Amino acid sequence: MAIMEDEMSKLLKLAAAALLVLAVEGQARADLIGHPDAPPAFDAKDTQIIERNATLRSLKETDPWLVRRALDALAKAPAPTNASQKAGDPDPDLDRLRTSPEALNDLFQVFKAASKQRTGDKTK
Amino acid sequence: MNYDPAHDDTARVDDMAQIDADLLVLERLQRFRVDFAEQICAAAKSRSLDVLSVLQLEAMHPFAEFYFLLRARGIESEADLERLADSHNSYIVHLSKNREKVERLGLKPERLMQAIFTGDTLPRLLGTWREHPGSIDQSNLGRFLVAVMSTETARKLVVACSEAGFLDRVRTPFGTVVVRSTGIMEKAYGICLRELRLGVQGNSDGDHGG
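Chains A and B supply the protein sequences, listed in that same order.
If you count the first sequence from 1, position 66 lands on 66 in my numbering, and the numbers rise without skipping.
Throughout, my numbering is defined as the position within the second sequence, counted from one, plus 124.
Hint data in this document are derived by calculation from the structure and do not stem from the laboratory.
Please note: incorrect hints may appear among the correct ones.
Unchecked claim - Reference listing, derived: stretches of chain B covered by chain A, where coverage requires no fewer than 3 residues with Cβ under 8 Å from a Cβ of chain A:
{"hint": "1", "stretch": "185-193"}
{"hint": "2", "stretch": "211-224"}
{"hint": "3", "stretch": "267-275"}
Computed from a predicted model, the values in this text were never measured in an experiment.
Cβ atoms here follow ideal geometry from the backbone N, Cα and C, with glycine treated the same way.
Could you build all of it, start to finish, from the sequences and the hints given here?
Below, the structure written as structure tokens:
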């Protein structure tokens, strides 16, 4: 049973790490190359953000530099809006770094549909 | 099915060739994103770190893609734009019926409803385009991008892109902000996309080796 719990914990950690890598993708991918030997510094504001976000909390000890890069990316991201913050969200700040591939594909399809209509109109 | 070591080896080799090909596409896709970020920063008129950091936001990608699609899909005339607005409205109506997806995209139903081009907003969208082809009111741009990014992110990108020389941004006497692309970002997007396609095609015609 203890082994199973350990495995579950590892899986959850991996899932959290994958989520964070997705979150920082784009903004900080270049920064992820190379990990300096010394641990990163976190100021009071950083600590507040880490405490608010479950994924950052879980990775602070094992991957502090990944957490540092995520915080740097968050600092560049637009300020949060009320609409973008959901109550009970385990990672309220990390959500700001995400973009939805689903929505982007929808936008592509909107253009495609408009383009098809245009072709259809021309052939009539 | 009986185990056949020879068959298993062949299958494994085939799989490895497939995996090599998959990795090539993945590498090209990643290169595409890196190249686009590099090109967009190199082309920026402003060297301000504030501007450059906004241009490297993930949201810059869909933003440039929107302008690329306007050009690539031939949205030129007022009628073309009206068709796009109709297609957008149909999408919003369809999306609003899918509550699970609306929540997944982090949207609120009110915000979604506000993104529909109505009897009030559609004439302004078309009028702006008619007077200055290629121009879109900033709030209407936000309507098109509603599911992709927040209004605030779109606003930040518009400001950074105008600083960078990618958008002409004009405040009208009516208090609205009208933006028109200078063509730089969609050109950069198109060049990088072409490189991606040729890179994948070139290698799939020849060897798959990295």
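The hints, checked one at a time:
no.: 1; hint: 185-193; verdict: holds (count 5)
no.: 2; hint: 211-224; verdict: holds (count 5)
no.: 3; hint: 267-275; verdict: holds (count 7)
In terms of the numbered hints stated before, the structure departs from none.
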